[in-house]
Amino acid sequence: MDEALEHAVAEGRCGDRFWLYATYHCNLACVYCLTESRPGISNRRTLSRATMVGLGEEARELGFSALGVTGGETFMLADFAETLAELAAILPTVALTNGTLFTDRLLDRIAPLAELDVALQISLDSPDPARNDAWRGPENFAKVAVAVPRLVERGVRVRIATTVEDQSEEELERLCALHRAWGIDDDDHLVRSIVRRGRAALDGFGVEPGPTDILPELTITADGAFLHPFAPTVRHGVTDLDLLVSRQVRPLEAALDRFLRVVADQPAGTDVVRNIR
Amino acid sequence: MSRLRLLERDEAPLHARALYAADGAASPLKRSLANAPDLLETLMPFLGQIFDEGAVDLPTKELVVVRVSRLNGCRYCLASHRPIAVDVGVPEEQLGAVCDERPLGELPVRERTIVEWVDAYVLDPGGISDELVAGVLDHLRDDQLVELAILIGATALLNAYCTAFDIPAAV
Chain A
1 MDEALEHAVA EGRCGDRFWL YATYHCNLAC VYCLTESRPG ISNRRTLSRA
51 TMVGLGEEAR ELGFSALGVT GGETFMLADF AETLAELAAI LPTVALTNGT
101 LFTDRLLDRI APLAELDVAL QISLDSPDPA RNDAWRGPEN FAKVAVAVPR
151 LVERGVRVRI ATTVEDQSEE ELERLCALHR AWGIDDDDHL VRSIVRRGRA
201 ALDGFGVEPG PTDILPELTI TADGAFLHPF APTVRHGVTD LDLLVSRQVR
251 PLEAALDRFL RVVADQPAGT DVVRNIR
Chain B
278 MSRLRLLERD EAPLHARALY AADGAASPLK RSLANAPDLL ETLMPFLGQI
328 FDEGAVDLPT KELVVVRVSR LNGCRYCLAS HRPIAVDVGV PEEQLGAVCD
378 ERPLGELPVR ERTIVEWVDA YVLDPGGISD ELVAGVLDHL RDDQLVELAI
428 LIGATALLNA YCTAFDIPAA V
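In order, the protein sequences belong to chains A and B. Residues 1 to 277 in our numbering are what the first sequence lists, from first letter to last. Residues 278 to 448 in our numbering are what the second sequence lists, from first letter to last.
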């Protein structure tokens with residue numbers, strides 16, 4: 001257990017979840033995507049299964065208490081179902097997914113997740129299919145509306161993440177009614193602003209994150225270690241480096257040391273004002 | 278056109294921002310090195326010790342840096358270090374000589390001997406004669422020769438880096 005990490009977490013300077021960017025490849029091209037992820041990108045910047053599992057084990061040894069996996073679309077990786085099961089056996093894990101790839105075959109492969117401490121966090125921005133799909137792509141709503149009940153039925157924990165731009169209270173209330181009908185509690189519904197970085201910044205979406213808006217959480221991508229999962233953004237195909245804390249990621253202790261040196265400058269008791277996480 | 282991203286201060290990784298002045302200024306070399314912030318933790322103190330005054334005086338060090346950069350054809354390092362050499366007191370005539378604008382024979386005997394040894398060290402280290410070493414040791418101690426040897430290596434490292442990545446000279 002890294003004492004410096006323990007103290008930083010206790011003081012609210014950083015979170016205790018360790019994040020992995022599985023890939024920058026995606027089957028969707030959401031208008032507010034932080035990483036310009038989309039189908040057919042040439043540089044997918046993928047972390048291998050061995051790398052992710054190895055880093056997850058190092059994270060546990062260093063004292064992190066949870067894992068997160070994001071992208072890109074995590075399930076674009078052919079072996080992600082099995083990778084996720086391995087990660088969840090290490091620490092409680094949340095994996096972000098757009099929920100559009102859950103075929104019968106994939107549902108069978110993720111069946112073991114029902115027995116593990118793992119949640120799939122699926123994005124859904126509106127109860128109105130046309131509104132949702134305008135942000136997230138054609139047929140996204142319909143695919144999510146099919147996938148979520150099937151996952152819940154199989155005992156897989158699902159969280160819904162809603163990225164807000166101009167949704168009304170009434171629209172969000174209908175969305176809540178929808179996830180409750182699927183058997184997903186309000187505690188598993190995350191509502192957060194679009195962060196004005198990456199593609200969102202180019203198109204003028206979202207909010208400019210302030211210093212206390214995003215909780216630092218050590219995040220590893222194929223480009224290095226970053227301050228939080230909203231840091232390794234991409235503009236015009238080039239990764240933003242302003243929130244890079246280390247190019248070296250193995251051993252993870254070296255990246256954690258550099259991360260904690262940055263975190264030491266954070267105000268103690270930082271609160272996540274906009275729930276951007 | 279640089280083949281590496283030359284990062285502005287607000288684009289630079291957090292640990293690299295110490296390279297930049299308060300107004301955001303930094304040389305193109307530093308702006309390129311900012312892409313690899315982890316290396317800076319050891320590279321910058323290393324370069325600082327090697328290029329700053331040590332057992333060898335600064336005019337001698339800068340004369341050597343300019344000569345090595347000339348031999349390696351590094352436009353960036355010549356543009357950067359020739360003015361520095363002037364600032365620390367290297368006569369223009371000596372700089373002209375090590376840049377092959379004047380005959381090397383015009384250098385004072387100490388500087389001429391050092392430059393002969395530098396040329397051999399860069400171009401044909403295996404061919405350095407005992408007489409050449411003995412000659413340079415008439416003007417420098419062992420530790421000073423070690424310091425110059427490391428300085429030559431560091432300069433050559435930067436020469437190759439700046440040339441290969443086409444780092445533009447600061448304006």
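I should point out that these hints are in silico values taken from the structure, not numbers from a laboratory. Just so you know, not all the hints are guaranteed correct.
Stated by the list, open to error - Which stretches of chain B does chain A cover? Using the computed rule of at least three CB atoms under 8 Å from a CB of chain A, they are:
#1 349–360
#2 404–417
As the list claims (entries may be wrong) - With beta-carbon atoms standing in for the labels, derived distance ranges:
#3 A437/B x R150/A: 54 to 60 Å
#4 G331/B x R250/A: 50 to 56 Å
#5 D166/A x D443/B: 43 to 49 Å
#6 P149/A x D443/B: 40 to 46 Å
#7 G301/B x R60/A: 49 to 55 Å
Where a beta carbon is used, it is the ideal one built from N, C-alpha and C, also for glycine.
Here is what the structure says about each hint:
| no. | hint | result |
| --- | --- | --- |
| 1 | 349–360 | violated (count 0) |
| 2 | 404–417 | violated (count 0) |
| 3 | A437/B x R150/A: 54 to 60 Å | 58 Å, holds |
| 4 | G331/B x R250/A: 50 to 56 Å | 35 Å, violated |
| 5 | D166/A x D443/B: 43 to 49 Å | 46 Å, holds |
| 6 | P149/A x D443/B: 40 to 46 Å | 57 Å, violated |
| 7 | G301/B x R60/A: 49 to 55 Å | 40 Å, violated |
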